[in-house]
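Number of protein chains: 2
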Amino acid sequence: MAYSPLIDQLVDALRCLPGVGPKSAQRMAFHLLERDREGGFKLAQHLEQAMQGVNRCEQCRTLTEQPKCAICANTKRDHETICVVEAPSDVVALEQSGQYRGTYFVLMGKLSPIDGIGPEEIGVSHLLTRIQQQQVKEVILATNPTVEGEATAYYITAQLKALGVTVSRIAHGVPLGGELEFVDVGTLAHALEGRQVIA
Amino acid sequence: MAYSPLIDQLVDALRCLPGVGPKSAQRMAFHLLERDREGGFKLAQHLEQAMQGVNRCEQCRTLTEQPKCAICANTKRDHETICVVEAPSDVVALEQSGQYRGTYFVLMGKLSPIDGIGPEEIGVSHLLTRIQQQQVKEVILATNPTVEGEATAYYITAQLKALGVTVSRIAHGVPLGGELEFVDVGTLAHALEGRQVIA
Ligand SMILES: [Zn+2]
Ligand SMILES: [Zn+2]
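So the sequences go chain by chain: A and B. Mapping the first sequence onto numbering that gives the first Met the number 0, position 39 (from 1) lands on 38, and the numbers just tick up by one. Mapping the second sequence onto numbering that gives the first Met the number 0, position 9 (from 1) lands on 8, and the numbers just tick up by one.
Isolated chain A, as found in the complex:
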């Protein structure tokens, strides 16, 4: 369906958002144009600023516009414990559980040879360097309990063996095949509490 070029382009562009099909994209475009131009302008501006300004934390690789994210920059956090997760949304989920006072390392992915994602792409050498340079005592592996998440945890465990740190895996309690960010905070708190030393 052709509206007018500017509207067509907006409907098209909205489809880059996850979960937005042609019908919802049209609803969104008309909603903004008919009822919330100010919201539309603000969204344009904040999109532009975030796409431009947000990079990765130089210590934990999560998304932030500062050189170091707020957690890495916080001297009250326990910097001797690192929790390894797949994505920034997992950091959010774990923070919401309120059970964790350590720091993070965000892989920004998981090992997936079929997609060409190897140890370098998920920053494993960066993690190893950080563990050696700082006095890290424990690494908690909180990758998702999926086949690829488990393989990633297994690979990192093998790399960490020689470094003399305690390596633990987040407790099962997170449902198998599930994704951290969709688990309720109670389950997450429980899973962290019940973590087991695996190396």
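In short, the hints are calculated from the structure, not lab data.
Here are the simulated DSS-like cross-link-like pairs (lysine-lysine), alpha carbons at most 25 Å apart as the crow flies:
id : chain 1 : residue 1 : chain 2 : residue 2
1  : B       : Lys67     : B       : Lys136
2  : B       : Lys22     : A       : Lys41
3  : A       : Lys41     : A       : Lys22
4  : A       : Lys136    : A       : Lys160
5  : A       : Lys136    : A       : Lys67
6  : B       : Lys41     : B       : Lys22
7  : B       : Lys41     : A       : Lys22
8  : A       : Lys75     : A       : Lys136
9  : B       : Lys41     : A       : Lys41
10 : B       : Lys22     : A       : Lys22
11 : B       : Lys160    : B       : Lys136
12 : B       : Lys136    : B       : Lys75
Non-contacting residues of chain B with respect to chain A, defined by C-beta distances greater than 12 Å in every case (computed):
id : residue
13 : Arg76
14 : His125
15 : Thr128
16 : Gln132
17 : Glu137
18 : Glu147
19 : Tyr153
20 : Tyr154
21 : Arg194
22 : Val196
From chain A, some residues computed to sit far from chain B (all C-beta separations above 10 Å):
id : residue
23 : Gly115
24 : Gly117
25 : Pro118
26 : Arg129
27 : Gln133
28 : Lys136
29 : Glu137
30 : Pro144
31 : Tyr153
32 : Gln158
33 : Gly163
34 : Val164
35 : Arg194
Each residue gets a CB set at the ideal place from its N, CA and C atoms; glycine is no exception.
Using the hints provided, position chain B with the ligands relative to the given structure of chain A.
What follows is chain B with the ligands alone, placed relative to chain A:
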């Protein structure tokens, strides 16, 4: 939950989209930041352009960046028949039915005294002027079959009585309480076909 100011602002701004709660806004922001910056930049640009450039058709009031929309500007359409709808999305739905060759008048709302929306806000005088100046023969009222949509159709019918045009109401076939834009094209085609003269 606080990420970093630029990400917080983006998550917040995404909530101006209809049907987007805090959880989906977060997913959208992370998706763009982690995997589709180009899509994010493009969306920012097309939002800006559309919010800036899209206005209302001077003849039918629908959304367009031209003085007249493509339908009003099309001399092959039947300009002696006007279909009155509540919103631009209704034009899209009726066009998709493929049954209509006339033009439109888009109220951009419906009578709703409680919200301060009277005849002037929905452009009734503009519609009357157009009917008098052009040789309009039939006005099809295709407001939604809701209480307010029916009241709007009733009011417009009363205003049109003195003008000597045929006034018809879209056939019931559109489910009562339903909204045009969510009705399948077959039902819409049928409803147009079975319209009845009411004045
Ligand atoms: Zn960090
Ligand atoms: Zn028009």
